[in-house]
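Enquirer: Residue numbers (our numbering), protein chains in the order written: chain H, 45 to 194; chain X, 167 to 366.
Any given hint might turn out to be false.
[What the hints assert, rightly or not] Computed list of chain H residues with no C-beta within reach of chain X, every gap over 10 Å:
| no. | residue |
| --- | --- |
| 1 | 75 |
| 2 | 95 |
| 3 | 96 |
| 4 | 100 |
| 5 | 153 |
| 6 | 156 |
| 7 | 158 |
| 8 | 159 |
[Said to hold, decoys possible] Far from chain H by the CB rule (all over 12 Å, computed), these chain X residues:
| no. | residue |
| --- | --- |
| 9 | 171 |
| 10 | 173 |
| 11 | 179 |
| 12 | 240 |
| 13 | 242 |
| 14 | 251 |
| 15 | 261 |
| 16 | 267 |
| 17 | 298 |
| 18 | 365 |
[To be verified] Some chain X residues judged to face chain H by a derived CB distance under 8 Å, without partners named:
| no. | residue |
| --- | --- |
| 19 | 185 |
| 20 | 224 |
| 21 | 358 |
Hint data in this document are derived by calculation from the structure and do not stem from the laboratory.
Just so you know, even glycine gets a beta-carbon here, dropped at the ideal spot from N, CA and C.
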Amino acid sequence: MNAGLRARETGADGSAPRGSWAWAYLLGEYAAGVATAVATALPIHALVDRDWDMVVAMLAGTVLGSIAHVLVLGVLGPLVGFFHVMAPGALIGMYGGMLFGMRDSMQAASWSQTVAFAVATGIAVVVAVQLYDRALRSEADGSGRQETTP
Amino acid sequence: MIDSLRAKWDRASRTYDRATCSDHFRFGAAKRHLFARMRGRCLMLATGTGTDFQHFPSGLHVTSIDISPGMLARARGRALAYDGRLDLVRADARTLPFADGSFDTVAAVCTFCSVPDPVRGLRELRRVLKPEGRLLLFEHVRSRLAQLAIMQDLLTPLTRWLGPDMNRDTVGNAERAGFRILREENVYLDLVKAIEAVPL
Numbered sequence: 045m046n047a048g049l050r051a052r053e054t055g056a057d058g059s060a061p062r063g064s065w066a067w068a069y070l071l072g073e074y075a076a077g078v079a080t081a082v083a084t085a086l087p088i089h090a091l092v093d094r095d096w097d098m099v100v101a102m103l104a105g106t107v108l109g110s111i112a113h114v115l116v117l118g119v120l121g122p123l124v125g126f127f128h129v130m131a132p133g134a135l136i137g138m139y140g141g142m143l144f145g146m147r148d149s150m151q152a153a154s155w156s157q158t159v160a161f162a163v164a165t166g167i168a169v170v171v172a173v174q175l176y177d178r179a180l181r182s183e184a185d186g187s188g189r190q191e192t193t194p
Numbered sequence: 167m168i169d170s171l172r173a174k175w176d177r178a179s180r181t182y183d184r185a186t187c188s189d190h191f192r193f194g195a196a197k198r199h200l201f202a203r204m205r206g207r208c209l210m211l212a213t214g215t216g217t218d219f220q221h222f223p224s225g226l227h228v229t230s231i232d233i234s235p236g237m238l239a240r241a242r243g244r245a246l247a248y249d250g251r252l253d254l255v256r257a258d259a260r261t262l263p264f265a266d267g268s269f270d271t272v273a274a275v276c277t278f279c280s281v282p283d284p285v286r287g288l289r290e291l292r293r294v295l296k297p298e299g300r301l302l303l304f305e306h307v308r309s310r311l312a313q314l315a316i317m318q319d320l321l322t323p324l325t326r327w328l329g330p331d332m333n334r335d336t337v338g339n340a341e342r343a344g345f346r347i348l349r350e351e352n353v354y355l356d357l358v359k360a361i362e363a364v365p366l
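Go ahead and model the full structure; you've got the sequences and the hints to work with.
Expert: So this is what it looks like as structure tokens:
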């Protein structure tokens with residue numbers, strides 16, 4: 045079960061269910077993912093042209109994405125949860141940045157296309173991380189000593 | 167070393183509650199589930215501002231330590247609100263001021279990401295734990311997913327300056343310190359884990 049959904053069952057202090065908070069956190073995860081992706085894609089789009097070498101563009105994208113990830117983590121981490129922002133944000137910043145750099149070195153996309161591609165990438169990565177989280181917590185790790193949290 | 171560590175956590179104590187409020191809320195249920203296994207005389211490490219006291223079962227006798235006077239000062243109100251006996255003590259996890267085999271349960275939340283020599287700290291816990299005692303850890307660790315682990319390694323110099331390391335192998339450190347792992351539960355991905363261990 046997703047940590048946000050688990051939070052819906054009871055409050056952290058054992059109080060009554062707090063469904064609205066669970067959904068707020070879930071939305072926050074998507075907002076953080078989209079914010080990281082857009083904050084990564086825009087400076088890359090401004091910097092990288094079609095005449096850039098693709099490898100250099102990908103490396104620049106990774107560096108800019110990692111910086112964007114840390115900035116978004118600093119702002120949204122306290123609001124959404126550091127780990128829930130960090131994990132998708134790391135993937136979006138590092139590997140999404142690489143993808144955005146490659147894309148901008150291959151084609152002349154408009155700003156709106158760049159933002160739309162970034163939003164789609166951010167949402168896709170957050171969905172993938174949530175599915176991976178669910179899978180990790182429902183399967184034993186092979187050591188025979190892992191249990192899932194009820 | 168201890169002075170700089172104390173100063174770092176005293177600084178962090180001013181913003182700690184605000185910076186970590188979402189994590190405390192989101193992981194509350196998992197912490198309650200872990201701490202439900204607390205029994206007898208208990209030791210809590212790295213008290214922080216005491217936000218985890220609310221997850222303890224009621225009626226226990228808990229000795230709660232922290233290296234930072236700033237953190238302990240902020241924890242005082244929450245200690246008084248606990249439905250049981252809760253003593254706050256200023257101490258370093260690597261040199262605990264307790265006799266061998268003093269505790270039935272030792273609990274720690276996000277502690278061994280910050281203790282400078284984690285294996286030494288865990289050996290010290292083994293010393294103060296009774297042979298049939300339980301170690302309960304709620305820790306963030308280095309992911310086994312390489313793509314995430316690389317980012318944790320890159321972030322660690324920055325986060326170490328603010329507080330914790332992001333890439334510790336706390337499960338391995340507990341085994342190296344002489345514990346046998348009974349349970350290792352993934353709380354969020356494989357980054358945040360609830361761990362139950364016993365002395366070998």
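Enquirer: Indicate, hint by hint, whether the structure satisfies it.
Expert: Okay, the hints, checked on the actual structure:
1. Distance to chain X confirms residue 75/H as a non-interface residue, since its nearest Cβ pair spans about 13 Å, more than 10 Å.
2. No beta-carbon of chain X is positioned within 10 Å of the beta-carbon of residue 95/H; the least distance is around 29 Å.
3. No Cβ of chain X comes within 10 Å of the Cβ of residue 96/H; the nearest lies about 24 Å off, and the non-interface call holds.
4. For residue 100/H, the requirement that its beta carbon stay farther than 10 Å from each beta carbon of chain X is met, with the minimum near 20 Å.
5. The beta carbon of residue 153/H is kept farther than 10 Å from every beta carbon of chain X, the shortest such distance being approximately 25 Å.
6. The Cβ of residue 156/H sits about 29 Å from the closest Cβ of chain X, beyond the 10 Å cut-off, so the non-interface label holds.
7. Under the 10 Å C-beta cut-off, the non-interface status given to residue 158/H relative to chain X holds; the minimum distance is some 23 Å.
8. Separation of residue 159/H from chain X is adequate, the least Cβ-Cβ distance of about 24 Å exceeding the 10 Å criterion.
9. Every C-beta of chain H lies more than 12 Å from that of residue 171/X, the closest at about 21 Å, which supports listing it as non-interface.
10. Here residue 173/X stays apart from chain H, with its beta-carbon at least about 22 Å from theirs, past the 12 Å limit.
11. Non-interface call for residue 179/X relative to chain H: holds, since the shortest CB-CB distance, roughly 15 Å, exceeds 12 Å.
12. The beta carbon of residue 240/X is kept farther than 12 Å from every beta carbon of chain H, the shortest such distance being approximately 17 Å.
13. Against the 12 Å criterion, residue 242/X stays outside the reach of chain H, whose nearest CB is about 18 Å from its own CB.
14. For residue 251/X, the shortest C-beta to C-beta distance to chain H comes to about 20 Å, beyond the 12 Å cut-off, and the non-interface label holds.
15. Once the 12 Å rule is applied to beta carbons, residue 261/X is consistent with being away from chain H; the minimum gap is 30 Å.
16. For residue 267/X, the shortest C-beta to C-beta distance to chain H comes to about 25 Å, beyond the 12 Å cut-off, and the non-interface label holds.
17. The claim that residue 298/X is not at the interface with chain H holds, since no C-beta of that chain comes within 12 Å of its own (minimum 19 Å).
18. The claim that residue 365/X lies off the interface holds: its Cβ sits roughly 16 Å from the closest Cβ of chain H, which is beyond the 12 Å cut-off.
19. Hint on residue 185/X holds. Least Cβ distance to chain H is approximately 5 Å, under the 8 Å limit.
20. With 8 Å as the threshold, the beta carbon of residue 224/X stays out of range of chain H, its nearest partner Cβ sitting at about 11 Å, so the hint is violated.
21. Below 8 Å, beta-carbon pairs count as interface contacts, and residue 358/X has one with chain H at about 6 Å; its hint therefore holds.
When each numbered hint is compared with the structure, a violation occurs for hint 20 only.
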